[in-house]
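Chains as they are written, first to last, in the working numbering: chain A, 1 to 374; chain B, 375 to 1236.
These aren't lab readings, by the way, just hints derived from the structure by calculation. Source: prediction; values computed, not measured. Check each hint, because a few of them may be wrong.
For lysine-lysine, the following DSSO-like pairs were computed, each having C-alpha atoms within a straight-line distance of at most 30 Å [unchecked claim]:
id	chain 1	residue 1	chain 2	residue 2
1	B	LYS610	A	LYS136
2	A	LYS66	A	LYS242
3	B	LYS557	A	LYS313
4	B	LYS1043	A	LYS136
5	B	LYS575	B	LYS557
6	A	LYS313	B	LYS575
7	B	LYS1173	B	LYS1217
8	A	LYS232	A	LYS41
9	A	LYS66	A	LYS49
10	B	LYS376	B	LYS1173
11	B	LYS1195	B	LYS1217
12	B	LYS863	B	LYS848
13	A	LYS49	A	LYS239
14	B	LYS1063	A	LYS313
15	B	LYS1063	A	LYS66
16	B	LYS632	B	LYS622
17	A	LYS239	A	LYS41
18	A	LYS313	B	LYS571
19	B	LYS436	B	LYS486
20	B	LYS557	B	LYS376
21	B	LYS575	B	LYS1097
22	B	LYS1173	B	LYS566
23	A	LYS66	B	LYS1043
24	A	LYS313	A	LYS41
25	A	LYS136	B	LYS1063
26	B	LYS1063	B	LYS1043
27	B	LYS643	B	LYS632
Simulated DEER-style distance windows between Cβ atoms [unchecked claim]:
id	chain 1	residue 1	chain 2	residue 2	range
28	A	THR77	B	GLU1076	31 to 41 Å
29	A	ALA184	B	GLY579	51 to 61 Å
30	A	PRO218	B	GLU1076	13 to 23 Å
31	B	ALA1100	A	ARG295	26 to 36 Å
32	B	GLN1075	A	PRO218	18 to 28 Å
Note that CB positions come from ideal geometry on N, CA and C, so glycine has one too.
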Amino acid sequence: MNFRFIHTADWQLGRPFAQFESELAAQLADARLGVIERIAKVAQDEDVKHVLVAGDVWDTASPSDKLLRQPLDRMRTTDVANWWLLPGNHDPAEPHGLWDRLHAIGLPDNVRPLTQATPVSLSDNVTLLPAPWMSKAPGRDLTAEFGSVSTPPDTLRIGLAHGGTCSFFDQSPQSAAIAENRAATAGLDYLALGDWHGVQQVDERTWYAGTPEPDRFPNNEPGSVLVVELAKCELPIVKPVKTALYTWTRDRLDCQDGVDPCAEATELFDAHGPRHRRLSRLELHGALRLDTRMRFLNFLEQERQSLAHLRLKSSGLLSLADPDALDEIDREGTLRDTATNIVAVMNDEDRPEDERATARRALDYLAAFAAGSA
Amino acid sequence: MKLRALRVRNVGPFGEQGCALEGLSDGLNVIRERNEAGKSTLFTALQIVLFEKHSSTKSALKEFRHDRGSGAPFIEIDLEVDTRTYRISKQYLSAASAVVTDALTNERLSEKRDAEDWIAQLIGGDKPDDGPSGMLWIRQGDPYLQPKPEGSAGEALFSVLEGQVDTVMGGQRAARVLERAEKRLAEIVSTKQMNPKGAFKDAIGRLDELEGERSDFAVAVQQSEADRERLLSVLKERDALTSEDDEKFAKDLAEARKELEAAEGASEKIRGLQSEVGACETTLKAAENALERYSSDLASAEKLRASIQDKQSAIESITETIEEGEAPLDDLRQQAASAETALKQARKDHQDALSRDKRRREIAQRRSLTKALERAKDLASQLKAAEKEAGVSLPDLSDLEDANQDILTFEAQARVARPELTVEKSNAPVLLDGEAIGDTGSVRLSGKTKLNYQDLELLIDTPDVQGAEEKLAKATERLESLLESCGAKDISDARRLHEERNSAQQSVERLKNDLSTVAPNGIATLENELAALPDDEEEDDEPGDLDALARASELSEEELTRIVAERDTAAEGIQKLRNQVTILETQIEGLESQLSDLDTVLGADDKREERRTELSDAVVEARRRWREAEDRLETAERDRPSLDGAQARVKRLEAAAQNRSEDRLRLSKAEGELRGRLAQAGQEGASDKLAAVEAEITRWQERISAFEEERDALILLVGELSKARASRRTKFFAPVRQAVDPLLSMVLGSASLAYDDRLGPDELERNGMREKLTRLSGGTREQIAVLTRLGFAQVMAGKDRHIPIVLDDALVYSDDERIQKLFDVINVVAADVQIIAFSCRQKTFEALGGKTIHPVDFPVLR
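So that you can see chain B by itself, here it is in the shape it has in the complex (with noise of 0.2 Å):
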């Protein structure tokens, strides 16, 4: 089926005079118009007459018609099928009519209900997405919706490719088995992890609940074996608490009693021993102690008369001493006196000696006096004269000399001002300001001078001689006056006064030395000091040799000293042995006090032997008592039973005693425990519980193994048949998939699409990735579906079912590059598709290449 031609009248902007596409091809055929053009209406137009019955009043056919315009709609279209060209007229609304004529010859074949009957049959039916025709279409504003072969369009597709689709595809019951096996597979498991949920899940918590119990009643059971073995281990050890055992305990306890206050009492007698011991003890040292002290005093008296006849001994051999050098010490005595005396004279005669050279000094020192004061006077005096000629007031002689210089300073220019004008020879008169000058005369010049000289006149004109004269002038009063301070005549005096007054400074500095020299402390002191001096002119004798004077006295002197110390050690010698005298005697009263004292006590002296006798029998007495009293003490220790083993066997078996009481107790209490747990434990039947939870736990194991078996039986039910059925679609879709995935790897690179199982597009396939078509861009996925339906043109067009493929502005998403690639898709396509493409993308289109077919008015009726 070939669309060759369309044409309108009274619908969408075409108004009576219509619109026309004439002349279609057999291939590409691209109506590019602007936008409002009526591409669209066209488009629609063509839907309308296959799909719309001419009886139809529909709002949108109203809605379609002409709004200017009255007349009733009305389109045609020349379909060319077989070889044959028929033409289908239709008009709406009004004067409805359908007609199916032979185009060439004007044949009228069918008309109204029939020539519906046999355009829906010719289309493969009689909606507009039905049949072939409305499944290869894409209307302008859903480019990108897929093509979906459902319903007659999808047989005519499938018709085209297999005979018996149903049985091929193995029909809607492999569907519905599907379903059924994954709705039943989605009751016990989860669709992803296939985890158990519903019933099996509740058997799996069913089945954990239980192991649970099943682990407390076996930790009960175990608990309660424990406690009946426990109870007999108590129970044992109860029993081995026997009477008998309590019987010889206790009578070992009071034998072990018994030992006790035995090893008291003789504890108690030991200690009576040991007290009786302690008093014959004491006994004997009181004895031992009286008997020392005894001999001790007797020993004592003896020594101490020993030590009185020693010191009177002593005391006379001193005293002979002492008689021996009393004489001796009277001689040193008179030495020391004459000794006295000749120092008193030497020193006599020294001073005397000395007076003398006192005085001659002092007349010596008053000479020398004088003559440094009449000395020191004349110095007085020159310095006063000299200070007076240094004290001339003269002016400072810088002064005196800047004054001069300034003389000459001021001269000079003052010559300078007034140059001199000198005549050597003229022969002619020199006139000055009109005066005439000596032929050798000497004029100063000032000022402005005129000067004549036969024909010559020069004007003169010389610096200001008036400043240099006054500076002069002044520079000269100044001198004067200067020197006229000083009384000096010129400056040459100026000069020498300066250097005299400076010559008579320096003497005044010198006399001052001098005198200072003579007179250190000034010509007063000079005179004080010499008025201090005797006016004695007269000198005395010699004085003598004063040294010698001095030796004798001091000879004498240690004369003495050496007689007096010898005097004096002799004395004390003697005194020291006076003073040992004394202190021996007062010794000897002390010890004769002692002695006495001792006498006292030892009694008379015939007595006392006796009484040591008595004293000594004391002792032996008292130590052999001691004795005796040690030997029972020791006798007794020695055969004393252990009072430490009695009190330990004793506190043992009462120990014993109490523990086996206690552990009556602890055990009688244990097996109360015991029983009453384990009667507990009977009442609430532990090990029924464990046995029926055991038994319930196989039950549910089974049960649980049952889903399992379900589940798997079900997993591999479901993917054996989707396996099947993705092999049917595999092999059933080999010839789409041949037409299709050449075109999309055109525009896609290396692609390949799949399809559900109703060969709607599905997923695309890229390097190794599939997408959902949902998923991608709408660019591409506008790009699928033109490349889909343009395959599925192919397909049938290769079994001899050609259907015109109608693209109303379709590739609106696709950029530049695709859409080129695309056109060549399309043209390769319509080597075996007529292709109608409508567009208002002019330039863009223009590309397209095909045929372009302009719209005319609809042709002059026939």
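Just chain A, same shape as in the assembly (with noise of 0.2 Å):
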């Protein structure tokens, strides 16, 4: 017998994009509630009736009653049996927090949050171990106990949980860190994790699914869900399944003299669909003409504006300010003299970098001012 279901985890509905300009932090919280409707979406299509979310639902364990309310009403009107919901160190089950309020608030029939420690029945032979957090700070790996429960030999068993593994954080006695090889000593076909927001693959049997919808701008492959399809005694067939509106990518660009830097930035920005909704970190490194870096900078400007959002750090972008290149500023007086200067103070590895960096910025106020004063 098959089983497959939808892993995913750290929806963290509710997080605030207020770094962001108010239009693009409204956008961005619409499209992470709207992940419920695109994984239901992705069920639909994979033919699965149960989605198991690994923790941090809610991005706060004291969210308002219209962010307790919206995600329950979506989830009501798919055609997803059910949606196993774990309590995770962002929301924890703490008493008469959150998950009470969700009961006092009446849960929908496809809803089923995962507040206790005990095992559920998922279908005939198929037994979901959850380990919800029940505070902030277990201390301890909840998923310790998974090995003690005993199940028919032929059923499926499924561990639920939510934290890093040890690999991820130290071994500290308080620690929730769960044991890497959990899923083999506790005898579990597989083990669903959340808290890592991309997919990652712990062994043959553990899998972060990672946040369905991007947040940040780690290099960590989020915004998919993991179509799981587990049978006895055969590995997990694990599917990573796109569900992100909104790309994030940390970026990086290392310009040379003589390569467009441009033409770069340009391949960039249209790698990762469409740039409306790309938000872009970018560093920019190594080193060009002053004149080269000038042009090149106010390219990016120009960019910024057919992006969701760029993030730009220019600090490693140096310039090279040869003579030819402070010729361009001007060839001697004043100005050539205050661009040797502070070429100077740029070049002067005794400063400290803030100096140093300071200087770049100073160097590019004057080519943009002498350019506008030639």
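With the hints as a guide, bring both chains together as one complex.
Encoded structure:
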């Protein structure tokens, strides 16, 4: 018998995006909430009835009523048979906390909160072993009891837990780190984990699904859910399915003289879907001639308008302030003297980096103002 | 270029005859003329011929025309340039012309417009303030306007200093870049303090707001978390109040109440027993009292009988004593009567003796008084005679003595007034007033008397004889009167009479004393006392020994007193005994009455013991009953359950039940409140807002960081630009500083001038302090204006660009000391530069030295 389900985690509904302009922040928040429909669509497409959410459904332990009700309503209106929601470190099942409020509000029939560490039958011969967070600092590996739970021999055992594995964290007594070999030691057919925001396979039966809608710039392949197929005595078949509406990328461009940085940037921006849903954190490195650098920075400022968001870090891009480059400012006279003095600061390795960075910016301004004053 | 001559006609005060400055030297030329001599006209003419085209019809030119003439203004100058002298001649307004000729050869070099172009090229400009010439002039009225090497004037100066001015200075681009950088910087920070402003400041303000909101939301979130914890605690506390506990409390309370009822019943029983014990105790005390009272009465009756017996014995004893004392008392009574008779006789004998003694003393007194009366009368008679003699009236002896003395005095005076002339021997008659006096006669002289003796004639003039004699006569008359009044013959007699009277007065005093001794109360009193005495002159027998008789009488009286006292004592003792008998009899009567009463109470004697036994048995019975009751009470109290304990337990359990009930209410209320607050917090979504605020804070922090980076970069850029400009300026202006600063120091002491980008003097540095020129005094600014121009001219002269300096009444604000120093400087510079100085201060500028130029008439037309 094969059993198929969707493994997802770290929705962190209600996560604010106020670091962005309000319009983009609202769009990101809406995209995050809309991931429920997109997961339901995947479920429909993949013909699965169970969605296991491995913790951190909500971003905080005390979200507003509106933020509680709206996801419930969206889940209620889907064809998914059961949304199995596990409390994580962001939304632990503390007494009279978020999860009690959910009960008070009234849960849809297809929404199944897992606030007790007791086995749940998902189907015939399929048992779910949840490890909910009952507090923000449980101080132990919540999956440790999985091994003591007995199930009939033919039963598929699925563990659902939240937190980093031991390879992520130190082994302090208070650590909630999950043993990396938990699936093996507890006889699990699959251990569905949450907390790591990108898709990551820990071992052949242990996976992190990552967040289905990214919210930051890590390079860990976020934005997917895992469609998992289990069969007794077989390894799980895990298929990531993209669900993200927005693409968050942490980009780096190493510029070098003689290579057109604008073309490279264009290629980079075009690489991940539509630009209006692209949030890029771009770090520039290398060195360009002063005039090329100025032109490139101006180009990026124009490109910024086509992207959902561009966070530019240009302090790593140095200016090639050779005499020819400085001639662009002035061949001699006060401006040239000024440029020469600033370049001296830039290149003075005995100076703190922040002073040298300030000098680079000052040279940028000088070049820009000089160009405008020609 | 050097000016050699200036000639004008039909300008200002100069008419057709004109005026000319000829022979201007290479160095210092001084034109010292009085006011309104036309110096400024010459100065203006020099400006016009250099900068005003001949075709100009400006109103200023018309005003410049000579007011009384109709001739066209004509100006001519000779300029030496590179060893060649050119003559520029211009006529304005009518038949205007401009001609440049070779002054030496009179060769016409250019005319009209060509001539104007030639001039403009020569002087480097075609405007009054233009070109180095304009820059180096100082006009009357604005002596401290600093030179502004701008436009062609600046270019000329700069071109002297360097070749490509704009290239060397960094051009205007540097200024524009600096301006843009400063403008941008000024948009985000304040100019002086570099405090954030504009969008930068707004970002910081917004961040502060968000920090505040974050704090508020954090508090709300913490409060919500605390509420949740509190709710957990409340529910836990409520759960602890189980119903099982309630039942146990109820059961315990029921049992406690039963125990309380039992304890209260036991207490009631004890109170009954306590009453019974009290009643038994009362009965016992009554029986004991009855027994004790009966026994007491018996004893009292016995005591009464014994007492009556004792008192009767005492009466008998006293009665015997009284009877024994009656005989001695009678004897004493008889002794008293005898003593009383003897006393009476003794007293009679003594009285008779006293009477006889009194009569004898009266007779003796009569005799004494009689003698005293006679003596007194004799003394009174003597006194009367003496008083008569002492009472004679005599004038005061001192008056007599005074009158006598006056006579002696006046007699002496009279004698002096009438000197006595005695002729003791004369050979010829001595004539007084023609009358001769005897040979030995003596004559008293008075008044004016003529004395003649032989040939001698004397006129003797004596004092006033008349006055002295009158006084003498009056004194004599007064003495005689006084003597007459007392019957004295002369003063000696009068003195005797006074002595006799005084002796009589002393006798009167003595007699009075004697009389007062003999009859101190007067003779009449003596006579009365004598009359009061009996006339009997016969004496009785001797009165006997009066003292013995008195002593016998006293002894009789003492004997009588002693006997009476003994008699009274004996009588009193007997009376006291009788009184005692009476008292005892009365007491016996009272005791018998009491005894009678007791007998009545006690009953018959033969029944008394029986009665006492009855009472004693009653006491024994009552005590037995009382002890039994006591035992029952003690047993009941010992077995009684604790009422206080039972009450406390009931109270405690009731309070506990009440507390549990109240706790339930309190916890229920707290739960409601906490759930309400949590629900409210959920609706408000404080944690969502907190997260959102924190995210927004991140955004604004990044924005502020961007502003800070921009600010730092712009500050660095502005600073580097300013430093580069300053460095360039210092290097570029070095020749100017080298020329000007020594000149400044000659006048102002050690000083240095700083310039702006266009070589305009900007700041003066003295003693390490920099001051803006605009803050200096007018005199100093004027001196700097002159010195700077001198320096500029020196610099240019050093590059073979000779430009004359023209000073029109400059140095008007400089004091005497400074002006002398300035004169020195001008002379120093004049070694290299032609200087033309106009001044109306003839005396002061005499010290300037140089070549004095005297205006002369316009030369004869060539």
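Here is what the structure says about each hint:
A hinted pair counts as satisfied when its Cα atoms are at most 30 Å apart, and B:LYS610 with A:LYS136 qualifies at roughly 20 Å. Under the criterion of a C-alpha separation no larger than 30 Å, the hint pairing A:LYS66 with A:LYS242 is consistent with the structure, at around 27 Å. Note on B:LYS557 and A:LYS313: the hinted pairing holds, with a Cα-Cα distance of about 26 Å set against a maximum of 30 Å. With a C-alpha separation of about 29 Å, the suggested pairing of B:LYS1043 with A:LYS136 holds against the 30 Å cut-off.
Annotation: proposed proximity of B:LYS575 to B:LYS557 holds, straight-line Cα distance about 16 Å (limit 30 Å). Pair hint A:LYS313 plus B:LYS575 holds up; C-alpha atoms about 23 Å apart against a cutoff of 30 Å. For the hint linking B:LYS1173 to B:LYS1217, the alpha-carbon distance of about 36 Å lies beyond 30 Å, and the restraint is violated. Annotation: proposed proximity of A:LYS232 to A:LYS41 holds, straight-line Cα distance about 27 Å (limit 30 Å).
As the CA atoms of A:LYS66 and A:LYS49 are separated by approximately 26 Å, the hinted pair is consistent with the 30 Å bound. The suggested pairing of B:LYS376 with B:LYS1173 holds, with an alpha-carbon distance near 15 Å, which does not exceed 30 Å. Among the hinted pairs, B:LYS1195 with B:LYS1217 is consistent with the structure: their alpha-carbon atoms are about 16 Å apart, no more than 30 Å. A threshold of 30 Å between alpha carbons decides the hint, and for B:LYS863 with B:LYS848 the separation of about 18 Å falls inside it, so the pair holds.
Restraint check: the Cα-Cα separation between A:LYS49 and A:LYS239 comes to about 16 Å, which is no more than 30 Å; the hinted pair holds. The suggested pairing of B:LYS1063 with A:LYS313 holds, with an alpha-carbon distance near 29 Å, which does not exceed 30 Å. Restraint check for B:LYS1063 and A:LYS66: the C-alpha separation of about 13 Å stays at or below 30 Å, so the hint holds. Distance hint between B:LYS632 and B:LYS622 is fulfilled; the C-alpha atoms sit about 15 Å from each other, no more than 30 Å.
With a C-alpha separation of about 15 Å, the suggested pairing of A:LYS239 with A:LYS41 holds against the 30 Å cut-off. Distance restraint check for A:LYS313 and B:LYS571: the Cα-Cα separation of roughly 25 Å lies within the 30 Å cut-off, and the hinted pair is therefore satisfied. Distance restraint check for B:LYS436 and B:LYS486: the Cα-Cα separation of roughly 20 Å lies within the 30 Å cut-off, and the hinted pair is therefore satisfied. The straight-line distance between the Cα atoms of B:LYS557 and B:LYS376 is roughly 47 Å, outside the 30 Å bound, and the hint therefore fails.
With a CA separation close to 28 Å, the supplied pair B:LYS575 and B:LYS1097 stays within the 30 Å bound. Annotation: proposed proximity of B:LYS1173 to B:LYS566 is violated, straight-line Cα distance about 42 Å (limit 30 Å). With a C-alpha separation of about 27 Å, the suggested pair A:LYS66 and B:LYS1043 falls inside the 30 Å cut-off, and the hint holds. This hinted pair does not check out: A:LYS313 and A:LYS41 have alpha carbons roughly 37 Å apart, beyond 30 Å.
For the suggested pair A:LYS136 and B:LYS1063, the alpha carbons sit about 20 Å apart, so the restraint of at most 30 Å is met. Of the supplied pair hints, the one linking B:LYS1063 and B:LYS1043 holds, its CA atoms being roughly 29 Å apart against a limit of 30 Å. With a CA separation close to 17 Å, the supplied pair B:LYS643 and B:LYS632 stays within the 30 Å bound. In this structure the supplied range 31 to 41 Å holds for A:THR77 paired with B:GLU1076, their Cβ-Cβ distance being about 39 Å.
Evaluation of the 51 to 61 Å hint for A:ALA184 and B:GLY579 yields a pass: the beta carbon distance comes to about 58 Å. A beta carbon spacing of about 18 Å between A:PRO218 and B:GLU1076 agrees with the range 13 to 23 Å that was offered as a hint. Between B:ALA1100 and A:ARG295, the C-beta spacing of about 32 Å keeps the proposed range 26 to 36 Å intact. In this structure the hint that B:GLN1075 and A:PRO218 lie 18 to 28 Å apart at CB holds, the actual value being about 21 Å.
Checked against the numbered hints given earlier, this structure breaks hints 7, 20, 22 and 24; the rest are met.
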